[in-house]
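Engineer: Residue numbers (the numbering used here), protein chains in the order written: chain E, 1 to 119; chain X, 1001 to 1193.
Since the hints were made in silico from the structure, they are not lab data.
Careful: at least some of the hints might be erroneous.
[Claimed, not checked] Derived PhoX-like pairs (lysine-lysine); straight-line CA-CA distance at most 20 angstroms:
1. X:1053 with E:97
2. X:1082 with E:97
3. E:56 with E:90
4. X:1082 with X:1102
5. X:1074 with X:1055
6. X:1110 with X:1082
Note that the structure is predicted; figures quoted are calculated from it, not measured.
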Amino acid sequence: MTRIKRGYIARRRRTKLRLFASSFQGAHSRLMRERTMTQQRIRALVSARRDKKKRKRDFRRLWITRINAVIHETEVFYSYNRFIHNLYKKQLLLNRKILAQIALLNRSCLYTISNEIKK
Amino acid sequence: MATQAASFSGSLKKAVAGIKRINLDGLRWRVFDAKGQVLGRLASQISTVLQAKDKPTYCPNRDDGDICIVLNAKDIGITGRKLTDKYVGHLKERSLKDQMAKDPTEVIRKAVWRMLPTNNLRDDRDRKLRIFEGSEHPFGDKPLEPFVMPPRTVREMRPRARRAMIRAQKKAEQAENGGAEVKKGKKRAPSQV
């Protein structure tokens, strides 16, 4: 067998790891020999993958809370669920993201919408 | 402002404590009158306002709630027999009645504290809540805004309790009128302290 030096393969891998973990806090960006950096990199990647799916859920939650906040001020005993029910009854296709933006920026517009669909 | 502060008989220090730590810009000062309100329902409304869940700019990672002032804490209402039968905290043996005699603000504070989500913002939100026993408070100069509670759908009394109440009513009326009238009154209010 010919002799093979490993050369720069390991160094390249480690530099990549170091670059990835360079913004981590404390020992998580320094300790390569104790495997901390590798572990933190794995956790970071796992979180990123998982939260890409969670992000869609989180934002929808946020939009719903915001819409609910404004709808409660419209009138007594009116709430997000009734509002959405009326929306579906009138077959209005606005999604929650847009409704939340309207609630934020142009509240009177949202009041108009809710009055219209209540009829 | 000085005269208003002087008329407030109570621990001014405790009331104003920690106000500097709150970033007050743009927050409203909501005034809740606890007189005659049911404890839990009031507390849930307060916690909604404290979390800023009634604003379209709600953000779960930021504390943006309005400052809540609760007045007349000693006149809060409890339905049922909770005044004597409910214990504040489960290990300590102090019934609601004793707690109200001792420090009625603690009752509301605990109720709201437990309704807030348990995260790092809970302390900050609690700091925005000020509870006073009477109807005086040292914040007269701030732009106060009274909070209108949403109307309650009072639950109908359970049949047995209602029958008992009707019997008691009839007895009282008989004592007064001499038993001439028989009136069946429908009472739709919680038993207040």
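Engineer: Work down the list of hints and note, for each, if the structure agrees.
Structural biologist: Hint check:
| no. | hint | result |
| --- | --- | --- |
| 1 | X:1053 with E:97 | holds (17 angstroms) |
| 2 | X:1082 with E:97 | violated (44 angstroms) |
| 3 | E:56 with E:90 | violated (26 angstroms) |
| 4 | X:1082 with X:1102 | holds (17 angstroms) |
| 5 | X:1074 with X:1055 | violated (29 angstroms) |
| 6 | X:1110 with X:1082 | holds (15 angstroms) |
The structure fails hints 2, 3, 5 (numbered hints given earlier, in ascending order).
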